[in-house]
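S.K.: Take a look at the letters that make up each chain.
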Amino acid sequence: MNFTFTQDQLDFQDAIASMLRSEVTADAVRGRWATTAGVDERFLSQVHELGLNSMLVPEALGGLGLGVTDFILLAEACGEVALPEPVVESVMVSTPLLVDILDQGLGNADIQKVVDGVLAGDLRVSLGHAINPCINYADSADWFLVSEGDGIYLVPKEAISLKIRKSVDPSRRLFSVSFDPRDHVRVADGDVGARLQRSTLNRGALANAAQLVGLSKGMLDQSVRYTTDREQFGRAIGANQAVKHLLADVAVQVEYAKPVVYRAAYTVGVSPNRADFAVSHAKSAAARAALMASRHCTQVHGAMGYTWECDLQIWTKRAWALAREWGDEGFHNNRIHEWLLRKDALLGPEFTFGRGSITDLEKAS
Amino acid sequence: MDLVYTQAQQTFRTEVRKWLTAHVPSGRLPSFDTAEGFEAHRQWERTLAKGNWGMVTWPTEFGGRGCNLIEWLIFEEEYYRAGAPLRVNQNGIFLLGPTLMEYGTPEQKARFIPAMASGDEIWAQGWSEPNAGSDMAAIRCRADRDGDEFVINGQKIWSTRAVYADWVFGLFRTDPDSSRHHGLSKLLVPLNSEGVTVRPIPQLNGLPGFAEIFFDDVRVPAFNLLGGEGEGWRIAMATAGFERGLMLRSPARFQQACKRLVQLYRENGSDVINPQIESAVVRCYMDAEAYALSTYQTASKLCSGGTIGAEASCNKIFWSEMDLLIHETAMDLLGARAEIEPQTAAEFAELGAWLDGFMFAQSGPIYAGTNEIQRNIIAERVLGMPRK
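For the protein sequence lines, the chains are E and Y, in the order given.
Once you know that position 341 of the first sequence is 341 in our numbering, the rest is easy, because the numbers rise by one and skip nothing.
Once you know that position 188 of the second sequence is 188 in our numbering, the rest is easy, because the numbers rise by one and skip nothing.
In isolation and in its complexed conformation, chain E is listed as follows:
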């Protein structure tokens, strides 16, 4: 039992976080808003050179063979700067699905080509899931992983039709997609397809949970700076207890969301299919923290918090979106509720980890 990150993992997070802070400033994000594509190609090739795209791909397939717990802190760091590009989704959700399909000997002639293209940084894959109405940055994708019923389809962009749906968050580029679910593009179906969709949902919810923790930290930092600089009645507004307590409440929620997200990362790494409880807990706790952060941080900015000029909106709007994408709090709380009511639910303090392992213990005692 060791619930810590290794020094290597922490050092890597530091390195990536400091790169992100210098590259992805609020001005740089607003710069992306002014472009049609909304992504910075130079930044994306930098990400590729750092090896992020291949981090979670097994070595046998040409990747770095690292695990979800190696990436989770990086996902958090991406959230902390409110990174617009869907790097986290790509690394944690769509690429692992491609790998699963390939690993299980599923797919068609295209799959190997697509995986190779992703590893080479030449191809981008966008992913659609029934739980989300739209696909983010669909217009810069070369291939799509989309679902219909239990089926999963790998479709080239030529066979997809896109319709723009403007997001409240200018850093997101949403599209509703339609495609013809023909046999030759189907890569999984039936129980296998359903299982893959379930792991994809868990990975997607975890990806958002980690980013929501980062977003909350980002909002908190800005709010501490603002309330320290801004003076009223001859002193910093942050000296008032009413203001302090709003931000302290956020700090508490964030602090207790973090280990929940890390446990979910560990669980998804072991078995994405059996991670429903851990992931739903993570998504629910992280969404709750981030929505409270959005609300309280807007409040302590006063009228500035309600302006377009104030950079806080880059973070709050992302939090509003990510908190509900991949299942909102209600959806994830329901999954936990269902589990709590199961007759075979392993409840109690001895089951925080590895629900099930205790049965061996019962036999032994």
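Since the hints were made in silico from the structure, they are not lab data.
Beta carbons: idealized from backbone N, C-alpha and C, even for Gly.
It cannot be assumed that every hint is accurate.
Okay, the calculated bits of chain Y under chain E, using three or more residues with CB under 8 Å as the criterion [as the list claims (entries may be wrong)]:
| no. | stretch |
| --- | --- |
| 1 | 76-86 |
| 2 | 371-377 |
A few chain E residues facing chain Y, derived, Cβ under 7 Å [claimed, not checked]:
| no. | residue |
| --- | --- |
| 3 | Leu-247 |
| 4 | Ala-251 |
| 5 | Leu-340 |
| 6 | Pro-349 |
Ranges of calculated distance between the beta carbons of each label pair, as one might list FRET restraints [claimed, not checked]:
| no. | chain 1 | residue 1 | chain 2 | residue 2 | range |
| --- | --- | --- | --- | --- | --- |
| 7 | E | Gln-299 | Y | Ile-373 | 18 to 28 Å |
| 8 | E | Asp-191 | Y | Gly-305 | 43 to 53 Å |
| 9 | E | Thr-228 | Y | Gly-305 | 28 to 38 Å |
| 10 | E | Asp-191 | Y | Phe-360 | 45 to 55 Å |
| 11 | Y | Ala-115 | E | Thr-228 | 43 to 53 Å |
| 12 | E | Gln-299 | Y | Asp-135 | 27 to 37 Å |
Place chain Y on chain E using the hints.
M.R.: Showing chain Y alone in chain E's frame:
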């Protein structure tokens, strides 16, 4: 990161479970804030001590087992799972014990720790005074040096367990010319000393869980000074304090309460559509587990030589407000039955536990530094917001 218990940890859990199954008294003991309940709980402390289960993290020379914090968490999980009694000597074993081990002389350790571990000496705490509550540095109760003795005059209040306890520890002003956090010292005082008057204060449940203590020329030997003269504040605030904070409320306590809450919900609520209760039950279960995960994370960090981070300052707010929600939700599930005090043994075991827990939960956000003070601490020391 490796979230699997080792074989040794599993074996330890089995051993704890086996011992507890054989020794935990059946049925709830009467409250330790009654004379009868206090003695019953003292008896339980003696039983624990005899099996060397009193404080598993303590070194073996003091009756412990030298367990690390992960093993301590496992012990606590089994302890609450077994429904074992609350610890009447928690002021001693969780608060004073670790301080004695860090700052006490070998003679002081020999004098106080074995008697604390055996349950022969139960401790009360003496921090607050009528004019020093949240502002603890305003302490005025004096302890004047007179040769090899201290002469104590003044008053303490909200002294938990003082009505039936044997000893009290607390901060006293040993330098009469000092102010604020200077000139304070930590002293250990027998409650049967001449000049000590204990006036019980009934708590919300009517039982005298705390007291006022009046000191009128009370003489204690200088031997009872813990740490240096004038170093009381530093000792009270010492880094060890974080670890004590970690151990004060172990996550298993809340996880076990949530397990009971889910059972209560299954029996009383799950067939009725009440989305608010459903959502509260889920929230409680998640929060209790989040608290456990956070504690495991901190324990792992400490076990691998790291230091405690921001989570330590946040934990008091988190568990105390969670404890309120757990018990408020139980009251909601019981509905109009919730107010009825137990009459039969069966009611005492189930309804009584919820009602007592609900009442006690009201005090969580107040004691050990109110949650308002905790929020100030987080804002100023963790987030770095301006003091004024």
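S.K.: So which of those numbered hints doesn't the model satisfy?
M.R.: Those not satisfied: there are none.
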